[in-house]
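Q: One-letter residues, chain by chain:
There are 2 protein chains.
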Amino acid sequence: MLDKVLDAKSVAIIGASKNSTKRGFQAIKTLKKDGFEGEIYPVNPKEDMILGLPCYKDITDIKGPVDLALITTPARTIPGILRQCGKKNVAGAVIIAGGFRELGDKGKELEQQVVDAARETGVRLIGPNTSGMINRKNNLNLVGIEDVPKGNIALMCQSGNMALTLITEASIRGHEGFTYYVGVGNESDIKFHEYLEFFRNDPATRSILIYVEGMSEGRKFLQEAHKTSREKPIILLKSGRSATGKKSAGSHTGSLAGMSEVAKLAYERAGIVVIENSDELFPVAETLSSQPPVKNNRIAILADGGGHATIAADLLSDHGVELPELSEKTKAKLRKILPEAASVTNPVDVAGGTDADPSLFADCAKIILKDPGVGGLLVVGLFGGYGIRFEKSLAIGEEAAAHRFGKMVGKRHKPIVVHSLYNSYDSHALDLLRHYDIPVHDSLDISCKCVASLCKYGSYLKTHQTKNRFEFNWGAKAVPDGRTIIENALNEGRHVLLEHEAKQLIQLHGAPTAVGQIAADKDEAWEIAKSFNGDAVLKIVSPDILHKSDANGVKLGLESEKQVKTAFDQIMESAAAYNPNADIRGVLVSPMAKKGLEIIIGTKIDEQFGPVIMYGLGGIMVEIMKDVTFWVLPVSPVSCKRMLEDTRSSIILDGVRGHQGYDKKSLRKLISICSELIEAYPEIQEMDLNPVLLYEDGLDVVDARIILDK
Amino acid sequence: MLDKVLDAKSVAIIGASKNSTKRGFQAIKTLKKDGFEGEIYPVNPKEDMILGLPCYKDITDIKGPVDLALITTPARTIPGILRQCGKKNVAGAVIIAGGFRELGDKGKELEQQVVDAARETGVRLIGPNTSGMINRKNNLNLVGIEDVPKGNIALMCQSGNMALTLITEASIRGHEGFTYYVGVGNESDIKFHEYLEFFRNDPATRSILIYVEGMSEGRKFLQEAHKTSREKPIILLKSGRSATGKKSAGSHTGSLAGMSEVAKLAYERAGIVVIENSDELFPVAETLSSQPPVKNNRIAILADGGGHATIAADLLSDHGVELPELSEKTKAKLRKILPEAASVTNPVDVAGGTDADPSLFADCAKIILKDPGVGGLLVVGLFGGYGIRFEKSLAIGEEAAAHRFGKMVGKRHKPIVVHSLYNSYDSHALDLLRHYDIPVHDSLDISCKCVASLCKYGSYLKTHQTKNRFEFNWGAKAVPDGRTIIENALNEGRHVLLEHEAKQLIQLHGAPTAVGQIAADKDEAWEIAKSFNGDAVLKIVSPDILHKSDANGVKLGLESEKQVKTAFDQIMESAAAYNPNADIRGVLVSPMAKKGLEIIIGTKIDEQFGPVIMYGLGGIMVEIMKDVTFWVLPVSPVSCKRMLEDTRSSIILDGVRGHQGYDKKSLRKLISICSELIEAYPEIQEMDLNPVLLYEDGLDVVDARIILDK
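Protein chains in written order, with this note's numbering: chain R, 4 to 713; chain W, 4 to 713.
Treat the hints with care, as some may be off.
It does not matter which identical chain is used: a pair holds within one copy or between any two.
Derived pair list, reagent style DSSO-like, types lysine-lysine, alpha-carbon separation capped at 30 Å [unchecked claim]:
hint : residue 1 : residue 2
1    : K395      : K35
2    : K25       : K339
3    : K568      : K25
4    : K565      : K60
5    : K597      : K7
These aren't lab readings, by the way, just hints derived from the structure by calculation.
Source: prediction; values computed, not measured.
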């Protein structure tokens with residue numbers, strides 16, 4: 004679908020210029036300099052010729068077909084120009100201009116006009132507010148950054164400066180480069196997920212690198228990401244974490260975490276390698292582009308000195324990578340070729356063994372990679388610098404080792420990553436490694452992160468997620484009584500269900516909760532209460548009193564007739580004092596739940612990802628330890644299981660300190676029911692089940708709150 | 004004290020050689036090449052002349068005084084050579100050879116002989132197993148790394164490769180360098196803290212950079228660090244975290260965390276800037292050497308594009324740095340000079356305002372740094388590259404801005420750190436910044452870490468720690484009855500105090516605990532129990548049954564005569580079944596403690612730092628959430644207060660969910676008592692108060708366990 008846009012064979016430059024400081028000049032210059040393999044058509048009513056190319060008054064004057072238009076003129080001119088493009092049957096347009104929604108309401112209106120023109124004409128839009136796009140396969144460079152290195156990484160960026168940063172970094176590293184770059188800009192027409200789909204289908208692209216600040220269709224993106232990451236790795240940095248944290252919504256669920264936590268977890272479950280340090284973004288993409296993923300999360304370190312080995316072991320452990328014991332056979336073989344002082348356990352330290360002949364590195368690597376318990380190798384230290392630091396002639400041995408390293412990766416399908424202090428020096432051995440696509444870094448931290456990413460991606464490829472399809476619509480159906488509850492509320496102009504309504508709704512879908520009954524007077528209250536096998540709870544029922552406790556509208560543990568009746572009167576009095584105009588529907592009388600483990604479950608509509616669910620142990624665990632997890636809805640039964648394992652405190656479910664454990668099956672079922680409800684009743688904006696009391700057998704939803712869409 | 008060693012005016016090379024691959028040749032060559040300002044005396048019985056210098060048969064043959072000897076000969080020769088050095092009154096010796104304690108028992112013995120020889124002769128030792136030392140002030144380079152950049156950082160390293168890494172990095176960055184480098188090696192004579200004291204007193208040294216794997220006298224180091232960090236910053240990376248984690252001891256306290264957590268917290272409380280990524284080590288030292296610390300933890304960001312600003316804001320927030328609102332006055336002034344699209348809130352985004360004249364960066368910086376709410380400035384983006392990327396003539400404006408940046412730092416005493424995409428390009432503006440000691444980085448992550456370190460160090464300088472002296476000996480005294488308890492146990496050959504003994508001991512020092520009494524039979528048990536105002540607890544008393552619960556030796560909540568007597572019989576039976584040969588001293592009858600908040604307090608002797616204390620909320624918080632803190636003992640009353648604030652769950656102490664809060668004063672007093680006990684009874688190896696029950700008023704030490712030194 005985007006082929007004609009991103010692989011355009013002809014491009015019109017609308018706003019072409021003879022002024023060398025203008026974008027309309029630079030674009031043509033770069034296209035010519037980079038050797039764009041298609042046609043270039045400058046368009047400017049005032050010029051005849053620009054940079055040796057005939058200039059057209061109007062895009063419709065061009066004889067041949069035009070696939071893509073680069074529009075460099077100001078924001079207000081865009082809708083008109085798009086209509087012209089439509090007449091010419093142009094497939095896509097890159098809109099550089101800013102001045103749209105980022106400027107507020109007025110810009111928003113103009114942006115809508117642009118989108119409308121695109122819909123009308125069928126022209127697909129990149130941007131607006133973008134630095135442009137580059138196709139490095141046919142040298143369609145519409146950005147004006149020169150010398151963009153060619154390679155197999157597709158890049159999507161929501162910041163021109165970050166694109167420039169990554170391209171500059173690639174140029175300096177000088178080995179890996181790009182298939183495409185797209186500045187997604189305001190994403191007003193073509194979205195992240197559409198580019199993603201295109202890059203998945205592009206055989207030249209081996210990994211996809213994304214810098215995102217916020218995406219408009221997160222759910223569709225996750226769906227495409229899920230499909231894509233089975234085939235090629237996606238590496239992503241999401242910024243704006245701190246800002247989003249502040250914007251936490253008013254409800255309990257919303258205020259628990261910046262919604263970025265939702266994003267991070269959702270991305271990771273879709274197989275995306277999420278990066279938090281911008282330094283690691285390009286190196287990780289480069290590594291995942293070129294090296295096979297690690298299948299067993301087990302890495303061996305080969306070092307020529309203690310310090311680097313120790314630091315690398317620390318860092319890999321921090322990243323959750325295992326450093327396995329080497330087999331006795333491997334150790335014996337290493338002992339044979341290394342000096343006595345060497346360490347043949349993992350990390351392996353050659354302890355001077357390579358001083359006379361660094362080709363010994365390759366002998367060690369061969370032995371280590373043959374060990375079936377080892378999934379990949381990290382070489383740390385001075386490799387590539389022996390010829391520089393010690394003695395020129397040693398370079399020969401290093402070069403021999405480099406050739407052998409290169410071949411080993413292909414043979415064993417296990418990756419090698421090299422840390423070398425001499426990465427920025429002129430080392431032929433290191434150049435050879437790069438020739439074999441073996442990543443070389445002078446940063447130990449980055450080397451370890453690259454190795455860890457190979458492990459993470461390799462582990463992902465083995466998870467259940469790759470087997471299941473990722474679907475957003477599961478066909479959950481509303482029940483007629485449920486619809487009635489919601490419509491009653493909406494007809495009354497309410498956007499909050501009363502507690503008993505919320506409980507009825509979840510009960511209709513199979514969740515165990517003691518709804519109770521509404522009493523109009525104290526005698527009725529006692530009639531209801533005495534039918535319980537235990538204590539009763541009384542709560543005010545009023546659409547005008549949402550925070551029942553604040554209004555002293557809740558009384559717990561009521562046993563006797565006197566207690567129940569007194570409680571009723573007190574509640575009514577307090578309610579009247581709290582809000583004399585409140586519409587009081589009565590008092591809800593329900594049985595007091597027995598003690599259990601407090602659980603909190605909440606749902607919310609996330610700006611980017613739509614419905615999400617939060618789960619955690621209630622009380623102190625959620626309030627103080629913030630030990631909760633977020634999942635994008637809907638969730639499968641398998642996901643419910645994983646969800647329970649996601650929080651640290653979930654160990655408690657299995658029983659600690661002598662407890663036999665809790666009914667996890669019921670809990671998983673309750674989460675599934677929430678997932679179902681959110682799909683079946685799209686009006687539900689927020690749902691808070693807090694607390695749910697979990698028992699050794701069964702559970703009880705003690706309080707429920709449901710907020711509907713306005 | 005170390006002056007004659009580290010500032011040696013004459014050096015003998017023992018093991019001098021004509022063979023260019025030998026250390027005894029390279030050292031002389033480097034000393035000559037670097038222009039060592041003192042005398043060089045090659046020593047080798049077989050040579051007459053080396054590299055144009057007369058060679059001596061023996062160090063005692065040298066006429067003039069010899070301050071320092073570099074010994075390049077093998078391990079076994081060292082003790083003899085040291086005795087020769089002693090005769091010549093040599094102040095210090097650098098011992099390169101490895102092959103000592105790192106090789107096990109045999110090496111350990113040889114190392115002891117070396118230490119003995121040093122003590123005997125008064126020769127101070129650097130190493131053994133070191134890459135050497137460098138004094139860059141008089142060019143005494145005993146390492147053989149050439150072109151070590153000169154500057155104001157003193158470097159201590161426990162890995163030759165890490166020293167090489169840091170020196171190489173400094174060379175590549177090309178601005179900051181070193182006063183001294185010391186490879187501390189096995190630290191068998193001169194210790195970390197002695198070097199630290201020397202560097203503190205060296206006026207040319209402005210910051211101290213340390214890579215440590217493990218130190219032998221951690222307590223003395225902390226004491227010196229505490230003194231030093233008030234005067235100059237210490238930057239430290241401790242590796243071997245993951246390895247130590249595994250070696251967790253058997254006791255409860257020991258297994259809670261890798262002892263590295265102890266180290267990190269102890270270092271930080273001594274004002275040390277602890278680094279975890281080796282990439283950040285040198286840049287942070289460079290920054291702390293050259294820029295004033297931030298006094299109020301508040302940083303403004305100045306950017307020329309969205310992406311970098313957003314990422315920097317995220318990273319600084321992650322590091323705990325505040326991004327304050329700018330004052331209305333500041334915003335108004337910025338608005339005057341910046342285009343409409345610019346953001347004048349923090350982060351400030353010039354939005355193209357600097358495109359025509361980058362000197363506007365300095366105008367913005369001036370306005371921002373004048374804001375009293377701003378403690379320092381981080382500039383991110385393309386600064387320094389406008390002349391490269393856009394138009395050559397723009398370099399003039401950048402250079403003007405660079406000059407003004409340089410002067411601003413001095414005038415306002417507020418730091419500036421610059422992130423520039425063009426750091427590795429040839430940019431005169433960036434060279435000017437470096438000339439003014441303004442750090443420039445192409446990594447956003449590292450730039451943010453540098454700024455965060457300035458904030459952290461600035462905040463430290465304002466803490467109570469800088470006001471109090473850091474003392475290890477507080478003069479806590481044993482009481483005679485306490486000594487008796489310990490000596491009784493030791494006389495019986497026991498290394499564990501029985502529960503009632505442990506409780507008596509802490510009670511003697513003022514801790515509230517219900518010791519109870521030992522009953523020999525069930526009648527006696529009931530006699531004791533009935534005197535309580537409430538339920539009783541019975542526990543087996545036997546030096547052979549330490550895990551009382553495992554032996555079914557504990558019965559709780561006993562009310563009636565029948566319950567108490569039955570419990571007594573059951574305990575005796577279970578004990579006999581558990582260990583028929585156990586020495587049973589009776590059954591401890593104590594009052595059942597009322598419910599309270601579970602607290603755990605433990606002490607332990609840390610390998611590096613001696614006695615340390617652990618504090619946390621007990622039960623699930625400690626077992627599952629691992630939410631505990633560690634402090635090196637002794638602790639002051641003020642430290643006890645901070646300790647309580649150190650864990651996340653400590654909020655609970657102040658009262659949550661309607662609770663009025665707990666008796667923190669009693670808890671602090673209990674911690675002080677533990678601190679006192681550890682000092683007063685040096686036999687105590689480990690102490691576990693678990694649980695302590697804390698009440699709204701008072702507390703009760705419910706179980707106590709004390710292990711004595713073997």
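Q: Could you run down the list of hints and mark each one as holding or not?
A: A quick look at each hint next to the structure:
When the C-alpha separation of K395 and K35 is checked against a cutoff of 30 Å, the pair qualifies only between copies, where the shortest distance is 22 Å, while the shortest distance within a copy is 44 Å. Taking the closest pair of Cα atoms, K25 and K339 come within 30 Å of each other only across two copies (26 Å); inside a single copy the shortest separation is 67 Å, beyond that limit. For the homomeric pair K568 and K25, neither the shortest alpha-carbon distance inside one copy (82 Å) nor that between copies (98 Å) is at most 30 Å. For the homomeric pair K565 and K60, neither the shortest alpha-carbon distance inside one copy (92 Å) nor that between copies (108 Å) is at most 30 Å.
With identical chains, the CA atoms of K597 and K7 are never at most 30 Å apart, being 65 Å at best within one copy and 77 Å at best between copies.
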